[in-house]
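S.K.: Spelled out, the chains give:
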Amino acid sequence: MERRRGTRKGKRLAPYLLGAPAAIWLGVFFLVPLVTMMSLSLQRCDSVTLACRMIWHFGEFPEQVSQFRPFFMRSLYYAGSATVIDLLVSFPIAYWIAFRAKRKNFFLLMLLLPFFVSFVIRTISWQFLLSDQGILLGTLKNLHLLPENFHVLATGTAVIAGIAYNFLPFTALPLYVSLERIDPHVLEAAHDLYASRRAAFAKVTIPLAVPGIFAAFLLTFVPGAGDYLNAQILGGTSNGMIGNVIQNKFLVFFDYPAASALSAILMGVMLIGIAAYAKVLGSRTIEEYI
Amino acid sequence: MPEVDVRLERVTKEFGDTVAVDDLSVDITEGEFFSMLGPSGCGKTTTLRMIGGFEDPTYGTVYLGGRDVTDDPPYRRDVNTVFQSYALFPHLNVFDNVAFGLRRKKVGKEEIQRRVQEVMHLVDLRGFGERKPGQMSGGQQQRVALARALVNSPKVLLLDEPLGALDLKLRKQMQLELKRIQQEVGITFIYVTHDQEEAMTMSDRLAVMRRGRIEQLGEPEEVYDNPATEFVAGFLGASNLLDGEIGSHQDGITTIKLSTGSTVLVPSDRMPPDVETQVKVGVRPEKITIRNDSEDLPAGYNSVSGLLRVATYIGVSHQYKIDGPGGTELTVYVQNLGAVTPPAPGEKVSLAWRPEHTFVVKPSASLSEEEEEE
Amino acid sequence: MTDRNFDPALWRGLTEPRYSRRQFMRAAGIGAGGLSLAAILAACGTKGISAVNPTASQSGGVGSTDWWSKQTQHNTLNFANWPYYIDTSHGKHPTLDAFEKATGIHVNYTEPINDNVSFFAKIRPQLQAGNDTGYDIVVLTNSDPPLGQMITFGWAIPLDQSKMVNFYQYASDLVKNPSWDPGNKYTMAWQSGYTCIGYNTKYIKEDITSIQSLFDPKYKGKIGMFGIASELGSFGLLANGVDPATSTPDDWKAAAAKLQSQKPLVRQYYDQDYIKALKNEDIWISMAWSGDIFQASAYQGYDTLKAVIPDEGAMFWTDNMVMPLNAQNPLDAMTYMDSVYDPHTQALIEDYNAYVCPVPAAREIILKQLKDPTIANSPTVFPDAAMVARSKSYYQWKTSQELDEWNNTFVPIFQG
Chain W
1 MERRRGTRKG KRLAPYLLGA PAAIWLGVFF LVPLVTMMSL SLQRCDSVTL ACRMIWHFGE
61 FPEQVSQFRP FFMRSLYYAG SATVIDLLVS FPIAYWIAFR AKRKNFFLLM LLLPFFVSFV
121 IRTISWQFLL SDQGILLGTL KNLHLLPENF HVLATGTAVI AGIAYNFLPF TALPLYVSLE
181 RIDPHVLEAA HDLYASRRAA FAKVTIPLAV PGIFAAFLLT FVPGAGDYLN AQILGGTSNG
241 MIGNVIQNKF LVFFDYPAAS ALSAILMGVM LIGIAAYAKV LGSRTIEEYI
Chain Z
1 MPEVDVRLER VTKEFGDTVA VDDLSVDITE GEFFSMLGPS GCGKTTTLRM IGGFEDPTYG
61 TVYLGGRDVT DDPPYRRDVN TVFQSYALFP HLNVFDNVAF GLRRKKVGKE EIQRRVQEVM
121 HLVDLRGFGE RKPGQMSGGQ QQRVALARAL VNSPKVLLLD EPLGALDLKL RKQMQLELKR
181 IQQEVGITFI YVTHDQEEAM TMSDRLAVMR RGRIEQLGEP EEVYDNPATE FVAGFLGASN
241 LLDGEIGSHQ DGITTIKLST GSTVLVPSDR MPPDVETQVK VGVRPEKITI RNDSEDLPAG
301 YNSVSGLLRV ATYIGVSHQY KIDGPGGTEL TVYVQNLGAV TPPAPGEKVS LAWRPEHTFV
361 VKPSASLSEE EEEE
Chain A
1 MTDRNFDPAL WRGLTEPRYS RRQFMRAAGI GAGGLSLAAI LAACGTKGIS AVNPTASQSG
61 GVGSTDWWSK QTQHNTLNFA NWPYYIDTSH GKHPTLDAFE KATGIHVNYT EPINDNVSFF
121 AKIRPQLQAG NDTGYDIVVL TNSDPPLGQM ITFGWAIPLD QSKMVNFYQY ASDLVKNPSW
181 DPGNKYTMAW QSGYTCIGYN TKYIKEDITS IQSLFDPKYK GKIGMFGIAS ELGSFGLLAN
241 GVDPATSTPD DWKAAAAKLQ SQKPLVRQYY DQDYIKALKN EDIWISMAWS GDIFQASAYQ
301 GYDTLKAVIP DEGAMFWTDN MVMPLNAQNP LDAMTYMDSV YDPHTQALIE DYNAYVCPVP
361 AAREIILKQL KDPTIANSPT VFPDAAMVAR SKSYYQWKTS QELDEWNNTF VPIFQG
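Chains as they are written, first to last, in the working numbering: chain W, 1 to 290; chain Z, 1 to 374; chain A, 1 to 416.
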């Protein structure tokens with residue numbers, strides 16, 4: 001009798017025990033920094049002595065928003081464009097791998113291969129590739145296919161392209177997973193029920209890929225909007241993103257309150273945007289499939 | 001003469017080196033419940049998919065209602081399919097699943113409403129319209145799949161082992177249900193299954209398939225009672241087969257000498273036409289009467305003797321396993337009439353049956369392992 | 001004797017003693033988040049420092065004559081320097097071996113510094129808590145805040161002037177009594193370098209002599225500037241004819257206006273990566289660190305790259321040896337710091353790293369004994385009088401308000 005009770009108790013505790021490491025991890029490495037960051041945004045710090053004092057200075061938020069609005073808008077624009085490009089580019093790829101490819105693992109590996117190289121190195125290779133007199137533009141210029149003063153680097157296009165490139169696997173993989181889960185018979189059923197290829201795609205494939213599209217969007221847009229590396233390496237003097245501002249404020253100028261406020265604002269914008277987006281897509285649908 | 005609804009003309013389907021369907025021709029008439037029966041890999045599903053348009057024949061022509069549809073995609077064929085896995089749209093509720101085909105055909109809103117309600121009634125799913133497929137049982141999902149196909153009033157309904165995933169009791173129930181629905185709507189059903197009982201229960205005609213070809217085609221009784229090949233005999237229920245050699249023909253009776261020396265009589269009109277000297281003689285287990293060796297045989301009966309090995313009592317009947325002539329194992333079912341004392345294992349028994357219950361088949365090459373498993 | 005057969009990779013390292021802190025953070029990549037977190041937490045846990053460590057200024061306190069007279073030699077020394085900055089031969093440092101032979105002091109030489117700010121962030125908690133940092137000598141650059149902060153907060157041990165014999169005899173005027181440390185109270189230079197102009201003669205046919213070329217519309221889109229507040233601001237001041245060391249906030253505003261007007265011409269505000277843009281020919285003319293251009297053209301095949309010290313002057317920066325508070329072996333450190341001003345020792349170090357030599361007398365030795373005229377005759381190693389006249393010092397921020405003002409003036413230029 002005793003033993004049985006013991007087992008039951010163990011069973012009751014098991015989920016909590018299993019969840020504990022993750023909870024502690026999140027608590028220590030996510031929640032504490034988050035709270036610290038939020039609190040810092042209300043403090044005033046000396047940039048030399050780094051002494052901070054809580055003054056409940058909520059003014060930091062409107063100040064930062066008004067000062068850096070173009071950066072926020074640019075970040076959303078760049079990340080949004082990159083996400084759209086990634087979705088358009090990776091959907092056919094993921095679709096093809098999921099439904100047509102024979103050696104799925106091989107192609108998935110190909111898709112992931114860039115990930116084996118550091119983010120920084122990849123971006124720098126792009127810088128090299130897109131260089132004004134580099135192998136691409138230099139050659140085209142030598143062939144007089146491009147005007148001599150044409151350049152890709154130091155433009156918003158380069159930054160968007162860089163983000164799109166760097167985050168492509170983040171888009172393609174969730175799409176692949178959701179497409180791969182679609183029972184091919186369901187598409188046959190659609191054809192059987194008089195749906196042309198286009199109709200089946202619109203009425204069945206796309207709706208069933210919605211969870212994947214949502215995940216792909218999250219995984220691409222969110223880090224994309226917070227990215228600073230692409231803007232720094234591929235952008236020009238007027239392509240700075242909010243990530244660059246935050247990075248500079250934190251690490252170069254030790255303006256912790258401003259940096260914290262900017263980070264919090266970025267996070268808030270993201271969360272609100274995502275909540276709205278989920279609402280539009282229908283969160284119930286997402287819950288059901290994720 | 002009913003009209004031919006589906007005609008396959010010398011249809012062959014190859015997947016790489018494998019021939020899934022081999023030069024198959026068949027006519028299926030309007031309003032018929034037609035089954036294709038066979039072990040897995042026999043080509044029955046491929047044949048069905050070619051009718052549905054999901055596979056293109058390598059050679060041959062598919063006609064639907066007299067029209068060549070060989071090159072038409074599924075969505076231009078007036079057939080609908082009930083898939084083995086149901087293939088319901090998981091993102092749509094039951095109503096939208098059922099209405100899918102009608103919407104694609106741009107049927108008016110009110111008519112959709114009416115027809116969906118009607119068919120939901122037909123398959124006994126009233127009130128389930130708002131449910132998602134994921135919230136339903138297998139049997140219910142099956143009905144949705146059926147309704148989704150039927151609602152379009154297709155010329156032909158294709159069913160690919162639709163009951164395969166259901167448990168036995170539900171399957172039996174659905175078999176009757178399907179038959180009822182088919183009779184009610186009067187649509188041609190082409191039904192693929194590997195379950196001979198299922199095929200025989202429902203079909204007007206059935207085709208037993210093996211290795212991409214039809215081994216025998218006919219009404220269930222005909223195919224059961226007079227199988228054309230050793231394979232058909234073995235696939236459609238238990239059968240007892242003995243090696244024999246054709247002897248004399250006299251007065252419409254053919255005498256066949258068994259390897260043990262005794263003879264079996266068969267009405268000559270039950271002899272297959274293209275048979276050679278070496279044959280197999282068969283009889284269904286339920287056609288045999290079993291009696292103690294000492295007792296007299298009824299006149300004109302065929303008989304063999306053997307040693308009773310196993311006797312199983314299963315309520316409605318007794319089942320016996322007997323070591324027959326030449327070591328062949330024979331099976332006998334005896335209806336439980338309760339009148340006589342059943343024989344006991346170890347006893348010598350003689351088995352008797354009427355000549356008109358005897359069938360003769362060509363010995364075929366041994367069954368492949370895969371087919372044995374079925 | 002000379003060890004000049006090292007590979008270009010080493011040279012590259014050697015031309016980059018001044019990784020900007022941004023550069024460092026970028027190298028550390030996304031992982032830098034951990035570091036910044038540590039910094040934030042550290043920031044929250046401290047009260048900050050408002051005044052110079054009182055003990056340092058009191059008589060008998062740390063660094064006073066009394067204090068120095070009580071120090072004894074421990075025959076050990078912990079020295080933190082930047083990579084590829086000291087003579088190296090087959091994994092050994094000949095000048096350090098010679099030093100141990102002569103004095104009995106063993107030097108634990110380490111190269112943990114890639115960036116002033118992040119290195120300072122690591123030792124700062126110990127300094128603030130009044131503990132030993134584990135180093136007796138660290139090397140910090142005058143153009144970045146940490147050096148000034150160490151001095152201001154009283155975290156540097158005042159040097160024993162009586163033991164700076166070689167220094168006062170041999171040190172170049174460029175490093176004696178510098179603006180960032182009047183009277184060499186806390187520091188002695190390790191090496192110096194220039195922030196000047198680099199350009200590609202393949203595209204720019206005229207002789208560049210003036211900073212104004214960086215503002216020339218005909219190079220629109222091909223101009224590189226530094227996205228580092230101290231460097232960018234200083235160049236803006238030089239372009240306006242103002243000496244950065246003695247500039248005022250009004251000068252800063254004028255310089256910022258000038259730089260702002262230049263912005264449409266600028267391709268990008270770079271860190272260390274400017275050199276790659278120059279090599280890739282994405283930019284034709286740029287602010288540059290002299291060593292980078294020197295190495296690229298002399299040793300890496302980019303022979304059309306050229307470095308010039310413009311007529312308006314170039315920013316002259318110095319990496320300084322400084323003794324952190326509570327260093328365990330101050331006397332050993334003092335002895336060593338003075339010993340590198342011995343011309344023979346300095347000649348060996350200089351011939352390795354090719355920076356601006358703090359000891360002019362080393363030149364003869366490099367020329368005659370080490371027989372390396374390339375180094376000996378390079379004006380960026382041994383600046384001539386004209387060069388010295390054009391060497392400008394950075395503005396020294398006296399308060400955090402000043403630093404904030406400087407940053408607020410110049411940061412929006414490259415961040416907008």
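These aren't lab readings, by the way, just hints derived from the structure by calculation.
Treat the numbers as computed from the prediction; the structure is a model and nothing was measured.
Beta carbons are placed, not taken as given, at the ideal position from N, Cα and C, and that holds for glycine.
It is possible that some hints are incorrect.
Simulated crosslink set (DSS-like; lysine-lysine; CA at most 25 Å straight-line) [what the hints assert, rightly or not]:
| id | chain 1 | residue 1 | chain 2 | residue 2 |
| --- | --- | --- | --- | --- |
| 1 | W | K141 | A | K218 |
| 2 | Z | K105 | W | K203 |
| 3 | Z | K105 | W | K279 |
Counterexamples of contact, computed for chain W against chain A with all Cβ distances above 10 Å [what the hints assert, rightly or not]:
| id | residue |
| --- | --- |
| 4 | R12 |
| 5 | A22 |
| 6 | F99 |
| 7 | G134 |
| 8 | E180 |
| 9 | A199 |
| 10 | V245 |
| 11 | L251 |
| 12 | F253 |
S.K.: For every hint, state whether the structure bears it out.
M.R.: Taking the hints in turn, this is what the structure says about them:
Between the alpha carbons of K141 (chain W) and K218 (chain A) the distance comes to roughly 20 Å, so the proposed pair stays at or under 25 Å and holds. Proposed proximity of K105 (chain Z) and K203 (chain W) is supported: the alpha carbons are some 14 Å apart, at most 25 Å. Note on K105 (chain Z) and K279 (chain W): the hinted pairing is violated, with a Cα-Cα distance of about 31 Å set against a maximum of 25 Å. Non-interface status of R12 (chain W) relative to chain A is upheld: no Cβ of that chain comes within 10 Å, the nearest being about 36 Å off.
Chain A leaves A22 (chain W) outside its interface by the beta-carbon criterion, the shortest separation being 19 Å against a cut-off of 10 Å. Distance to chain A confirms F99 (chain W) as a non-interface residue, since its nearest Cβ pair spans about 34 Å, more than 10 Å. Some Cβ of chain A comes within 10 Å of the Cβ of G134 (chain W); the nearest lies about 6 Å off, and the non-interface call is violated. Interface exclusion of E180 (chain W) from chain A stands, the closest Cβ pair being 29 Å apart, more than 10 Å.
Here A199 (chain W) stays apart from chain A, with its beta-carbon at least about 44 Å from theirs, past the 10 Å limit. With a least CB separation of 6 Å from chain A, V245 (chain W) falls inside the 10 Å interface cut-off, contrary to its annotation. For L251 (chain W), the shortest C-beta to C-beta distance to chain A comes to about 5 Å, within the 10 Å cut-off, and the non-interface label is violated. Not every Cβ of chain A is farther than 10 Å from the Cβ of F253 (chain W); the closest lies at roughly 5 Å, contradicting the non-interface assignment.
Taken one by one, the earlier hints fail for this structure at numbers 3, 7, 10, 11, 12, listed in ascending order.
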